[in-house]
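Protein sequence lines correspond, in order, to chains A and B.
If you count the first sequence from 1, position 363 lands on 362 in numbering that gives the first Met the number 0, and the numbers rise without skipping.
If you count the second sequence from 1, position 120 lands on 119 in numbering that gives the first Met the number 0, and the numbers rise without skipping.
Everything labelled a hint here was simulated from the structure, so no lab data went into it.
Be careful, since some hints might not be right.
One copy or two, it doesn't matter: identical chains are merged, so the pair holds either way.
[Stated by the list, open to error] Below, computed lysine-lysine pairings styled on DSS-like, alpha-carbon distance capped at 30 Å:
#, residue 1, residue 2
1, K11, K158
2, K202, K155
3, K158, K90
4, K54, K202
5, K90, K265
6, K36, K202
7, K155, K90
8, K178, K202
9, K155, K11
10, K202, K158
11, K265, K11
12, K54, K90
Protein chains: 2
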Amino acid sequence: MSSPALQAHTLKVELGERSYPIVIGHGTLSQLGPAVKARTGASRAFVISVPPVAKRYGATVERSLVGAGIATRRFVIPDGERSKSLREAEKLYAALLAAEADRASVVVALGGGVVGDLAGFVAATLLRGVAFVQVPTTLLAMVDSSVGGKTGVNVKRGKNLVGAFHQPKLVWIDAATLKTLPRRELLAGLAEGVKHAVIRDPKLFAWLERELERLLDLDPEILLPFLARNCAIKAEVVSRDERESGERMLLNFGHTLGHAVEALSKYEGVLHGEAVAIGMSYAARRSEELGLAAPGSAVRLVALLARAGLPTELPRFPRRAYLESISADKKKRDARIRFVALRAIGRAETVPLLASEILPALERGGAKR
Amino acid sequence: MSSPALQAHTLKVELGERSYPIVIGHGTLSQLGPAVKARTGASRAFVISVPPVAKRYGATVERSLVGAGIATRRFVIPDGERSKSLREAEKLYAALLAAEADRASVVVALGGGVVGDLAGFVAATLLRGVAFVQVPTTLLAMVDSSVGGKTGVNVKRGKNLVGAFHQPKLVWIDAATLKTLPRRELLAGLAEGVKHAVIRDPKLFAWLERELERLLDLDPEILLPFLARNCAIKAEVVSRDERESGERMLLNFGHTLGHAVEALSKYEGVLHGEAVAIGMSYAARRSEELGLAAPGSAVRLVALLARAGLPTELPRFPRRAYLESISADKKKRDARIRFVALRAIGRAETVPLLASEILPALERGGAKR
Numbered sequence: 000m001s002s003p004a005l006q007a008h009t010l011k012v013e014l015g016e017r018s019y020p021i022v023i024g025h026g027t028l029s030q031l032g033p034a035v036k037a038r039t040g041a042s043r044a045f046v047i048s049v050p051p052v053a054k055r056y057g058a059t060v061e062r063s064l065v066g067a068g069i070a071t072r073r074f075v076i077p078d079g080e081r082s083k084s085l086r087e088a089e090k091l092y093a094a095l096l097a098a099e100a101d102r103a104s105v106v107v108a109l110g111g112g113v114v115g116d117l118a119g120f121v122a123a124t125l126l127r128g129v130a131f132v133q134v135p136t137t138l139l140a141m142v143d144s145s146v147g148g149k150t151g152v153n154v155k156r157g158k159n160l161v162g163a164f165h166q167p168k169l170v171w172i173d174a175a176t177l178k179t180l181p182r183r184e185l186l187a188g189l190a191e192g193v194k195h196a197v198i199r200d201p202k203l204f205a206w207l208e209r210e211l212e213r214l215l216d217l218d219p220e221i222l223l224p225f226l227a228r229n230c231a232i233k234a235e236v237v238s239r240d241e242r243e244s245g246e247r248m249l250l251n252f253g254h255t256l257g258h259a260v261e262a263l264s265k266y267e268g269v270l271h272g273e274a275v276a277i278g279m280s281y282a283a284r285r286s287e288e289l290g291l292a293a294p295g296s297a298v299r300l301v302a303l304l305a306r307a308g309l310p311t312e313l314p315r316f317p318r319r320a321y322l323e324s325i326s327a328d329k330k331k332r333d334a335r336i337r338f339v340a341l342r343a344i345g346r347a348e349t350v351p352l353l354a355s356e357i358l359p360a361l362e363r364g365g366a367k368r
Numbered sequence: 000m001s002s003p004a005l006q007a008h009t010l011k012v013e014l015g016e017r018s019y020p021i022v023i024g025h026g027t028l029s030q031l032g033p034a035v036k037a038r039t040g041a042s043r044a045f046v047i048s049v050p051p052v053a054k055r056y057g058a059t060v061e062r063s064l065v066g067a068g069i070a071t072r073r074f075v076i077p078d079g080e081r082s083k084s085l086r087e088a089e090k091l092y093a094a095l096l097a098a099e100a101d102r103a104s105v106v107v108a109l110g111g112g113v114v115g116d117l118a119g120f121v122a123a124t125l126l127r128g129v130a131f132v133q134v135p136t137t138l139l140a141m142v143d144s145s146v147g148g149k150t151g152v153n154v155k156r157g158k159n160l161v162g163a164f165h166q167p168k169l170v171w172i173d174a175a176t177l178k179t180l181p182r183r184e185l186l187a188g189l190a191e192g193v194k195h196a197v198i199r200d201p202k203l204f205a206w207l208e209r210e211l212e213r214l215l216d217l218d219p220e221i222l223l224p225f226l227a228r229n230c231a232i233k234a235e236v237v238s239r240d241e242r243e244s245g246e247r248m249l250l251n252f253g254h255t256l257g258h259a260v261e262a263l264s265k266y267e268g269v270l271h272g273e274a275v276a277i278g279m280s281y282a283a284r285r286s287e288e289l290g291l292a293a294p295g296s297a298v299r300l301v302a303l304l305a306r307a308g309l310p311t312e313l314p315r316f317p318r319r320a321y322l323e324s325i326s327a328d329k330k331k332r333d334a335r336i337r338f339v340a341l342r343a344i345g346r347a348e349t350v351p352l353l354a355s356e357i358l359p360a361l362e363r364g365g366a367k368r
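Chain A with its partners taken away, still in its complex shape (with noise of 0.2 Å):
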């Protein structure tokens, strides 16, 4: 345990005044509080979790809140997507002012992606805003969603229609929590991984192509090398583009028609990452057809993905589903579609493409057979 590779890491995500640090470590839950505290400052903590995680972690992170001077309160939400809504936003609002929050309260999202974006969501907007700390207990939370100050909950209409960009002061990874986490969640989460190497580090993606197995075995001398690089990466490309008007944009390759897979199967069956290894296979695909990315390195990609045990091929929903299901896509501009293209491993870019130019009638790989 006292290998280099289980120092902690800690980067920075630069965004002037609401710069934050990102600390990552080994069986480091116990010492959240008094970062918590040289944070915030916060006098009053509420940390936001659901069942399974509450009650693996809550009382190791609570002890250390309230060891760092914090008086702290548990907030269990129902696990799942459903509790992204605004009647469970409400709820906290109601419960959190009664447990007298206040201007210097910080609340903690302790959690996946689901606690970690109503968490967010809630500390954005009560009081008009109050600190906030992710603490990711999912490999997608930490490679992922815990950094970059995307909140949101879901609406009828649609998944994150509603949200705010809401900063975290910190964000806190103990990636022993992993041990507890279902491997197909792991693998949901590496899914996110790939898309950061695939798009932008070259290296990294030749180094998850030899490390592969030891990662999935939580190897910490590969699993923490892994959760830096990840973060690192998401983390420069924030600082350029805090509100994803440009560079931004490239974190959502995979995502056009993983969004679609998910709409479609109504979100059940498939988990969000899984999602995203579909649409990344078929995004990689796809590019190689239209000449954009270099011959060879979609078939890559789907190797990596499908031997860690992802999904790589569209679900047989109609074409025309699709084709909605893409069109109405929240970050559609009038009527071409910001399309993030590989351009090869380690490089991508968006390409304004119409639904039709994504899915062709007779594309061979795609959602016809």
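Could you slot chain B onto chain A? The hints should help.
Just chain B, lined up with the frame of chain A:
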């Protein structure tokens, strides 16, 4: 009508990349469209208003927006404070998304504080933030709530407890719309204007003492400079302290007791500006008693408010009710309340006081009578 006083005034709220102009004119509603286009580049506008304002001014605003090449839809919410709710926000999310709101859309608030606060909150949180333009049609909104980016809704526990800071891209003030504002609402707006003068600008205060009647007659030669000076004060304070961590708190002068009066009246029978007039009168007297304000300050302030026809005495609720109400004020930190005290006509500062120091047991001019 060619007097120099009737020239449009343009001020700027300096907030780096979030800076925006405040344009103050007379009869300028029909020129809104090109300004919105220039400032936002929006292709779609959603005008949010209340029935009486929509009826009088909706068509003019919409014609101007459409003339500037912006597809425009109108959404009318019920008049009154009750519309500042999560329920109403949710209806607007659904309606705007159904009307194809996207990130190139702009939300235009046409009305008073309720419309601005609700529409601003929706703009802040729809798709994690879309462009927002304020077109205030009440004096309160013109001199105060339309500038500064505070948006919010009420929850059971209190007013404005959920919200966001979301700066508009443009504030467009047509003083001619005040002609149709009920006299009582005009006076309520005046109270916030007097507040700006008394906390910051002794010359403005003295000018108000001279010109009060012409102002209340809506003489444009008085009204326009009054609006311009008020917006300039608000803009200066907001530029230096966007998120109310310091100087901006001075704008809460009169609001500690003012909010208590509103809450104890259950927001019925008393307008916000009237409650602020009462709160300012109380705060000025108490500041003198505590030896903080120069003698004679309170009587001058109270005289001006009374001359306008504004209330200046606390309603007779039990002292205990006032104490409880101000202790629950969301601006408190720990036990002490940051009370905004008057030092002289034109100068205020925050003083940390216990609720019992703000409202002493035997207070002559206070709640006990």
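### Query
Taking each numbered hint in turn, which are not upheld by the structure, reported in ascending numerical order?
2, 4, 6, 9, 10, 11
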